[in-house]
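**Q** Take a look at the letters that make up each chain.
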Amino acid sequence: DIQVTQSPSSLLASLGERVTITCQTSQSISNNLNWYQQKPGQAPMLLIYYATSLQTGMTSRFSGQYSGRSFTLTITSLEPEDIANYFCLQHYSAPYTFGAGTKLELK
Amino acid sequence: QVQLQQSGTELVKPASSVKISCKASGYTFTSNYMHWIRQQPGNGLEWIGWIYPGNGNTKYNQKFDGKATLTADKSSSTAYMQLSSLTSEDSAVYFCAIGVEFAYWGQGTLVTVSS
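Protein chains in written order, with the numbering used here: chain U, 1 to 107; chain D, 1 to 115.
Hints are supplied without guarantee of correctness; some may be wrong.
What the hints assert, rightly or not - Selected chain U positions facing chain D (Cβ under 7 Å, derived; list incomplete):
(1) PHE62
(2) GLN65
(3) GLY68
(4) ALA100
Said to hold, decoys possible - Straight-line distance between alpha carbons at most 27 Å, and here's what the computed DSSO-like set of lysine-lysine pairs gives:
(5) D:LYS13 <-> D:LYS63
(6) U:LYS39 <-> D:LYS19
(7) D:LYS74 <-> D:LYS13
(8) D:LYS63 <-> D:LYS19
(9) D:LYS23 <-> U:LYS39
(10) U:LYS39 <-> U:LYS103
Don't read these hints as lab results, they were simulated from the structure.
Glycine included, C-beta positions come from ideal geometry on N, C-alpha and C.
Input sequences plus hints: build the corresponding full structure.
**A** Have a look at this one:
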């Protein structure tokens, strides 16, 4: 199985701050990684698909990059509505596997 | 718009089974993979498997072989997951999600296994 290591597990940030979350995969998956936002009690929402593509309707504050087996999600300027949990998913090969998640909180 | 409406909270006894539903609308049900995912506090998210409603083909995470059974009813655009031989370790929120990109998710179904 492909392991996905996500960091950090939690993050304190201030409004307006630039935030970066990383997922590293145990083997190459090309660009087959997505990023999701999940708020408590809600379904996950797709933010970024195929590593760099912004899902329709999502704010351009979110962006994704990758290099090799390292993937990053960046929030350019943190807004209150961005406070949530974030996780990545590799959909290159089954069993599809998730990062452990990052809990983003306000400083 | 795409909607996945899951069935409600389940409280079930150990050793029993439960069947969760996911009713789809707003897209072509038979032409998209339907995934099932488990979310447990402390254990994160795990992919259980997918079903392709167009032909009924399924693929399971080996970890859930024998635990989960995925089916789909094309006439009602509803996918189902049956979980069997339940133990407390199966207590979780279960989600359905569609497409290669897991683009849309249901709201989740809480299953609590307790005597």
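**Q** With reference to the structure, classify each hint as holding or not holding.
**A** Hint check:
1. PHE62: Nearest chain D Cβ about 15 Å off; hint violated.
2. GLN65: Status violated, d = 18 Å.
3. GLY68: Result: violated, 21 Å to nearest chain D Cβ.
4. ALA100: Where the cut-off is 7 Å and the nearest Cβ of chain D is about 5 Å from ALA100 of chain U, the hint holds.
5. D:LYS13 <-> D:LYS63: holds, 22 Å
6. U:LYS39 <-> D:LYS19: holds, 26 Å
7. D:LYS74 <-> D:LYS13: violated, 30 Å
8. D:LYS63 <-> D:LYS19: holds, 19 Å
9. D:LYS23 <-> U:LYS39: Distance of about 22 Å is within 27 Å: holds.
10. U:LYS39 <-> U:LYS103: holds, 10 Å
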